[in-house]
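Visitor: Chains as they are written, first to last, in my numbering: chain A, 119 to 475; chain B, 119 to 475.
Simulated from the structure, these hints should not be mistaken for lab results. Glycine included, every Cβ here is placed at the ideal spot set by N, Cα and C. Please note that the accuracy of each hint is not assured.
What the hints assert, rightly or not - Listed next, the in silico PhoX-like pairs over lysine-lysine satisfying Cα-Cα at most 25 angstroms (straight line): (1) B/Lys126 x B/Lys442; (2) B/Lys201 x A/Lys201; (3) B/Lys230 x B/Lys404; (4) B/Lys201 x A/Lys230; (5) B/Lys330 x B/Lys320; (6) A/Lys404 x B/Lys320; (7) A/Lys201 x B/Lys404; (8) A/Lys201 x B/Lys230; (9) A/Lys230 x B/Lys126; (10) A/Lys404 x A/Lys230; (11) B/Lys330 x B/Lys343; (12) A/Lys380 x B/Lys404; (13) A/Lys404 x B/Lys380; (14) B/Lys380 x B/Lys343; (15) A/Lys380 x A/Lys404; (16) A/Lys201 x A/Lys186.
Claimed, not checked - Some, not all, of what chain A presents toward chain B, calculated at C-beta under 10 angstroms: (17) Asn206; (18) Lys240; (19) Met364; (20) Phe376; (21) Arg414.
To be verified - Derived DEER-like restraints, expressed as beta-carbon distance ranges: (22) B/Glu425 x A/Lys343: 16 to 24 angstroms; (23) B/Thr159 x A/Pro423: 43 to 51 angstroms; (24) A/Leu334 x B/Lys443: 27 to 35 angstroms; (25) B/Gly427 x A/Pro323: 28 to 36 angstroms; (26) B/Leu467 x A/Pro323: 45 to 53 angstroms.
Protein chains: 2
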Amino acid sequence: MTEKGKVKVHMRIEYDVLKETIKKAMETAGLSEENAEICATVHAQSSADGIESHGLNRVPRFVEYVNKGWVNPGAELELVSAKGAVENYDGHLGIGIVNAVHCSDRAVELAKIHGVGIVALKNTTHWMRGGTYAWRIAEAGYMGINWTNTESCMPMWGSDEPGVGNNPFCVAIPREDGPIVLDMAMSQYAYGKLGVYRLAGKELPYPGGFDKDGDLTSDPGAIEKSRRILPAGYWKGSSMAVVLDMSAALMANGKSGFNMDKENRGSCTGCCQIFIAYDPYLFGSKEDIQSMLNERVFAADHSHPAEQGTPVTCPGERTVQTRKKSMKEGVRVDEQIWSQVQEIADGNLNVTDISGK
Amino acid sequence: MTEKGKVKVHMRIEYDVLKETIKKAMETAGLSEENAEICATVHAQSSADGIESHGLNRVPRFVEYVNKGWVNPGAELELVSAKGAVENYDGHLGIGIVNAVHCSDRAVELAKIHGVGIVALKNTTHWMRGGTYAWRIAEAGYMGINWTNTESCMPMWGSDEPGVGNNPFCVAIPREDGPIVLDMAMSQYAYGKLGVYRLAGKELPYPGGFDKDGDLTSDPGAIEKSRRILPAGYWKGSSMAVVLDMSAALMANGKSGFNMDKENRGSCTGCCQIFIAYDPYLFGSKEDIQSMLNERVFAADHSHPAEQGTPVTCPGERTVQTRKKSMKEGVRVDEQIWSQVQEIADGNLNVTDISGK
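Pulled out of the complex, with its shape left as it was, chain A reads as follows (with noise of 0.2 angstroms):
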């Protein structure tokens, strides 16, 4: 959305105003009322825990793939087949997010009457930001398992060509003093992070792919040019997303990466997706848990910092800080993209080529 070279402004907007005009240009788009309410709530949550990529920012590109037939606005999510804890639901191309929060919710109910549900969605689209769900389990009082396979855009170990999604994968551990949340893409950075750092002109932290030449580089802008994104962990983050590809369209008898790949669509359009609850107190007391689960992080967060003054902490704990900072303060947003979503609310701006593809 923002140029090459162009470095992004940012501002702050109130959280509610956020939502009510990403609801509006969701309907503008053609979603009822209560889709729109339901995925601007996602997006605007996304982008108050401070991850825009997948909130105020994936909205233009949400409304060019529904301009596009690649997302049904209309679509009804079917209870394909069931058995005991287990469902299987066909997306129907819908809308992304409200399958995934429909069958969140449904893993829960399973849950509350087997200790644990599994749901295997199919056909379905991109689901914004993974951690989404398994927070939304977490806040059910209920742990949170779910993954999702995607298209290839990231090379298997071994290979300088993309052959695997980054397909991520979401753990989240309910706790009273705020859940701890694992939100992790098999690709050491996403390209989104990538175009961060080079409009910045910084340098990745760490390696973060390979250059034409098959060098390992800090450099984003050799990275995007090469389409090398390295896996996390080398071929650890490969073979983990190969079986998350695998296992998500095994237990939802649906579609591979390899098969999105030949449908050659948007990003995750037809994709699988798990949702796992597990009752938390299935086997030990609510008390055990909780003081088990807060002595864990308790230790996990004391332990000696490597550099002082930055503390360690457990994946999650941050973004709630994120979250507090942008319900008091306004939600961090690009200005440009917030202008492009305001036009679109406003019926005035049409959106049908953002992706280039």
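Fit chain B to the known structure of chain A by using the hints.
Guide: Below, chain B without anything else, positioned relative to chain A:
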């Protein structure tokens, strides 16, 4: 086991001879014939698969733990509680391999009934090679997912002292052409691997930790000294390690890595392990699912290689090749450790202080 600075010498031993010798060592240590058979098979298979570190090499330390009373060879796995597809067991600090084999098999039995089976095991001991159980579930025709927590051996990201376990995570996808198996510890390299490189006088292929000055390094000796091994994917492996720890302890109502640290016994003593089996044909036909998986693997394996002549493979595929070679030519073993295990088997060596703890 090998003295510092001494280069290891390897030889090949026929699989059956290896297994029977380990079995005899296990019986000499006090295991029943039945349990010795289970343990010997798992150790010998690990070596045959090329995972020496948790195959033959680990036998003396296991015997040491039995001799010290950290593993109780007479303990029986106990069903604590159950709800539908989920069962909770207490391992009573019995034999890690035996407990884990029984829990894997039980997960498969539950999956036969419920479509999915989840066994959460607490108070168990080291299961040796994590991938053993995912392979086992896949060989029974089910998708397997298993993970364990461990005592702290790796710094949290941003810390300079061990604060979290390297908590292996394993996934096996059943395929008629051989399973695809992820067996991934959360550290970039195991300490054992650092030793192998140091003894060979080699640098690690990629940075594997920090030296005493806090700089990222590929020098294995410098990392052994600082005890700052690198989480795979930097902050990603650290975050995943801590949620794997918490999720295992929560699901099994057992000890976290922090609880194990306080008790300060042998490696993994008292840990929690999770075993999940999922029916791959719950929602799709065998033909469709196998065809989807085969296409996915074929495409990944035919990614353009970064180096000509070095083909890309999915995890587990090369293991099958190594296993075939071991069965044909004999299993590769460290000569010195092989002698040691033979002496244990013959009752000529009483191991009580190998780990120095």
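Visitor: Against this structure, judge whether each hint is valid.
Guide: Results for each hint:
A threshold of 25 angstroms between alpha carbons decides the hint, and for B/Lys126 with B/Lys442 the separation of about 24 angstroms falls inside it, so the pair holds. Our distance criterion of 25 angstroms between C-alpha atoms is met by B/Lys201 and A/Lys201, whose separation comes to about 15 angstroms. Restraint check for B/Lys230 and B/Lys404: satisfied, since their Cα atoms lie roughly 15 angstroms apart, inside the 25 angstroms limit. The straight-line distance between the Cα atoms of B/Lys201 and A/Lys230 is roughly 11 angstroms, inside the 25 angstroms bound, and the hint therefore holds.
Annotation: proposed proximity of B/Lys330 to B/Lys320 holds, straight-line Cα distance about 19 angstroms (limit 25 angstroms). Restraint check for A/Lys404 and B/Lys320: the C-alpha separation of about 50 angstroms exceeds 25 angstroms, so the hint is violated. Our distance criterion of 25 angstroms between C-alpha atoms is met by A/Lys201 and B/Lys404, whose separation comes to about 17 angstroms. Between A/Lys201 and B/Lys230 the alpha-carbon distance is near 11 angstroms, which keeps this suggested pair within the 25 angstroms criterion.
For the suggested pair A/Lys230 and B/Lys126, the alpha carbons sit about 55 angstroms apart, so the restraint of at most 25 angstroms is broken. Between the alpha carbons of A/Lys404 and A/Lys230 the distance comes to roughly 15 angstroms, so the proposed pair stays at or under 25 angstroms and holds. Restraint check for B/Lys330 and B/Lys343: satisfied, since their Cα atoms lie roughly 7 angstroms apart, inside the 25 angstroms limit. For the proposed pair A/Lys380 and B/Lys404, the alpha carbon gap of about 22 angstroms is at most 25 angstroms, so the pair holds.
About 22 angstroms separates the Cα atoms of A/Lys404 and B/Lys380, which keeps this hinted pair within 25 angstroms; it holds. As the CA atoms of B/Lys380 and B/Lys343 are separated by approximately 23 angstroms, the hinted pair is consistent with the 25 angstroms bound. A threshold of 25 angstroms between alpha carbons decides the hint, and for A/Lys380 with A/Lys404 the separation of about 48 angstroms lies outside it, so the pair is violated. The straight-line distance between the Cα atoms of A/Lys201 and A/Lys186 is roughly 36 angstroms, outside the 25 angstroms bound, and the hint therefore fails.
Proximity of A/Asn206 to chain B holds as hinted, the smallest CB-CB distance being about 4 angstroms (cut-off 10 angstroms). A least Cβ separation of about 9 angstroms between A/Lys240 and chain B falls short of the 10 angstroms threshold, and the interface hint therefore holds. At about 5 angstroms, the closest approach between the beta carbon of A/Met364 and any beta carbon in chain B falls short of 10 angstroms, and the interface hint on this residue holds. At about 4 angstroms, the closest approach between the beta carbon of A/Phe376 and any beta carbon in chain B falls short of 10 angstroms, and the interface hint on this residue holds.
Hint status for A/Arg414 relative to chain B: holds, with the closest Cβ pair at about 4 angstroms, below 10 angstroms. Roughly 20 angstroms separates the CB atoms of B/Glu425 and A/Lys343, a value that falls within the hinted 16 to 24 angstroms. At roughly 45 angstroms, the beta carbons of B/Thr159 and A/Pro423 sit within the given window of 43 to 51 angstroms. Distance hint check for A/Leu334 and B/Lys443: the Cβ-Cβ separation is about 31 angstroms, which falls inside the suggested range of 27 to 35 angstroms.
For B/Gly427 and A/Pro323, the hinted distance range of 28 to 36 angstroms is satisfied, since their beta carbons lie about 34 angstroms from each other. In this structure the supplied range 45 to 53 angstroms holds for B/Leu467 paired with A/Pro323, their Cβ-Cβ distance being about 49 angstroms.
Checked against the numbered hints above, the structure breaks hints 6, 9, 15, 16 and satisfies the rest.
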